[in-house]
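Peer 1: Chains as they are written, first to last, in our numbering: chain U, 6 to 169; chain S, 6 to 169; chain Z, 73 to 158; chain P, 73 to 158.
Derived from the structure by calculation, the hints contain no laboratory data. Please read all numbers here as calculations on a predicted model, not as lab measurements. It is possible that part of the hints are untrue.
Stated by the list, open to error - Okay, the calculated bits of chain P under chain S, using three or more residues with CB under 8 Å as the criterion: (1) 76-83; (2) 124-131; (3) 142-149.
Beta carbons: idealized from backbone N, C-alpha and C, even for Gly.
Below, each chain spelled out in residue letters.
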Amino acid sequence: MSAPPFAVVDTPLAVEPLVVVVESAARDRGEGCGAVCTFVGIVRATHQGRRVRHLEYEAHAALTVKVFARIGEEAAERWPASTLAIHHRVGRIEIGEASVVIAAAAAHRAESFQVCRYAIERVKQIAPVWKHEFFEGGDAWVEGPVADPADDGLRREALERACA
Amino acid sequence: MSAPPFAVVDTPLAVEPLVVVVESAARDRGEGCGAVCTFVGIVRATHQGRRVRHLEYEAHAALTVKVFARIGEEAAERWPASTLAIHHRVGRIEIGEASVVIAAAAAHRAESFQVCRYAIERVKQIAPVWKHEFFEGGDAWVEGPVADPADDGLRREALERACA
Amino acid sequence: MRVTVVCFARLRDLAGLREWRCELPSDATVQSAWNALAARAPAVDAMRTAISCAVNAEFATMNTPIREGDEVAFLPPVSGGAPAHS
Amino acid sequence: MRVTVVCFARLRDLAGLREWRCELPSDATVQSAWNALAARAPAVDAMRTAISCAVNAEFATMNTPIREGDEVAFLPPVSGGAPAHS
Numbered sequence: 006m007s008a009p010p011f012a013v014v015d016t017p018l019a020v021e022p023l024v025v026v027v028e029s030a031a032r033d034r035g036e037g038c039g040a041v042c043t044f045v046g047i048v049r050a051t052h053q054g055r056r057v058r059h060l061e062y063e064a065h066a067a068l069t070v071k072v073f074a075r076i077g078e079e080a081a082e083r084w085p086a087s088t089l090a091i092h093h094r095v096g097r098i099e100i101g102e103a104s105v106v107i108a109a110a111a112a113h114r115a116e117s118f119q120v121c122r123y124a125i126e127r128v129k130q131i132a133p134v135w136k137h138e139f140f141e142g143g144d145a146w147v148e149g150p151v152a153d154p155a156d157d158g159l160r161r162e163a164l165e166r167a168c169a
Numbered sequence: 006m007s008a009p010p011f012a013v014v015d016t017p018l019a020v021e022p023l024v025v026v027v028e029s030a031a032r033d034r035g036e037g038c039g040a041v042c043t044f045v046g047i048v049r050a051t052h053q054g055r056r057v058r059h060l061e062y063e064a065h066a067a068l069t070v071k072v073f074a075r076i077g078e079e080a081a082e083r084w085p086a087s088t089l090a091i092h093h094r095v096g097r098i099e100i101g102e103a104s105v106v107i108a109a110a111a112a113h114r115a116e117s118f119q120v121c122r123y124a125i126e127r128v129k130q131i132a133p134v135w136k137h138e139f140f141e142g143g144d145a146w147v148e149g150p151v152a153d154p155a156d157d158g159l160r161r162e163a164l165e166r167a168c169a
Numbered sequence: 073m074r075v076t077v078v079c080f081a082r083l084r085d086l087a088g089l090r091e092w093r094c095e096l097p098s099d100a101t102v103q104s105a106w107n108a109l110a111a112r113a114p115a116v117d118a119m120r121t122a123i124s125c126a127v128n129a130e131f132a133t134m135n136t137p138i139r140e141g142d143e144v145a146f147l148p149p150v151s152g153g154a155p156a157h158s
Numbered sequence: 073m074r075v076t077v078v079c080f081a082r083l084r085d086l087a088g089l090r091e092w093r094c095e096l097p098s099d100a101t102v103q104s105a106w107n108a109l110a111a112r113a114p115a116v117d118a119m120r121t122a123i124s125c126a127v128n129a130e131f132a133t134m135n136t137p138i139r140e141g142d143e144v145a146f147l148p149p150v151s152g153g154a155p156a157h158s
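Work out the full structure, taking the sequences as your base and the hints as a guide.
Peer 2: Structure follows, in structure tokens:
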């Protein structure tokens, strides 16, 4: 049974199943699948000078899965033959463990890197996922600016980072 | 037992072991490891309009492993806290299978993408690995231009693609 | 009518609740649900200008009308709208 | 002295051999090994200008001196010095 392309899970993440999903989906598109780029976001032991003990991620899971699918559609608009998979983990995550895994498949390597980079930028911008940091001496929710998923400026920014 | 960071193997490649290797190595460097970017090169069913049946890769294995280590050193010059792993497969490889897997770890995502992209560009430029394509109606060695591993122009070109 | 108000992350901490079955008039909007929440848990007012919202797991605005049985979610700013080096 | 000449990929096809134990004078260079190979397998001359070389798994030049027991490898252009979309 193959993994769903977009998911929020409360168990450890793996890279290989996402590679399989995007490769299978891209194989029969355009020029086929010659490249998969993946990104793994990992919990670091330090953040803004604080010694992190662990993180807890919380998500609006149903909305997050829809946001991931939307990011896949956005990527397909720009890179029509590409395919994308995104899994985010929630709950307690230890140092060195993955919080998010993304895989992007395309015919050629340049495109696979662009799609993957675009996807992580968009996930960070608009996915309703929150990070609760437990560090030595306290804990804090990590929040960014208010992000509107329909904000074209943000989307352009993500595209620019991906295609720079 | 952890995988070696640089290897030429004649068995199917996996992504996960390389993620583990680079994450472990990057964890205690600089700001730690918050990002792993991987690249998987996959055999496509078509190439230059030909229907590919399978590929056979051949390498000067000992030299290739040294070239991979050299690419790791080049990356560490430019991105000091990054770590890199590269595995290339040789022998017969079927459509949809991986010929090369690269993993790059860094504190932050932008750097992990750059290191990974730099590495695949350099592998394609200078690793003594050759591709023998078996397609419908014949077979052919796929060759590129002559590449001098000490050519700084090539290295700059790889850096430009990585940092664009 | 009854809707379910759901609060996430720091907003959940401020509200002191995650899910709340809330009684609203039949012409209510997301704004009405927010107002009811702020009346019950005044501390949430601190996040008023930073909150996004979703109705039945679709992004919405404060003006979006809501109906019996809807799930109205209030969403703090997400973690990662931050620079690429975060 | 004896060295081992190793040919890869298309050069191996042209030479009709992968490894060859080859007798050379004691002041030989990589060029001497190439000349000996070309004398034995003239077809390799077609790749003369495209070949790189390595001695004992280190990149070398045609002028690199070689010694008894060395492995002298001749390397066709690699597959992927091609554009990013290859």
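Peer 1: Residue count check for the stretch 142-149 of chain P against chain S: does it reach three with CB-CB under 8 Å?
Peer 2: n = 4 at 8 Å, threshold three: holds.
Peer 1: In terms of beta carbon proximity below 8 Å, does the stretch 76-83 of chain P have 3 or more residues touching chain S?
Peer 2: holds (count 4)
Peer 1: Given that the stretch 124-131 of chain P was listed as covered by chain S, double-check it with a C-beta distance under 8 Å for 3 or more residues.
Peer 2: Since three or more residues must qualify, the claim that chain S covers the stretch 124-131 of chain P holds, with 5 doing so at under 8 Å.
Going down the numbered hints, you'll see the structure goes against none, and every one checks out.
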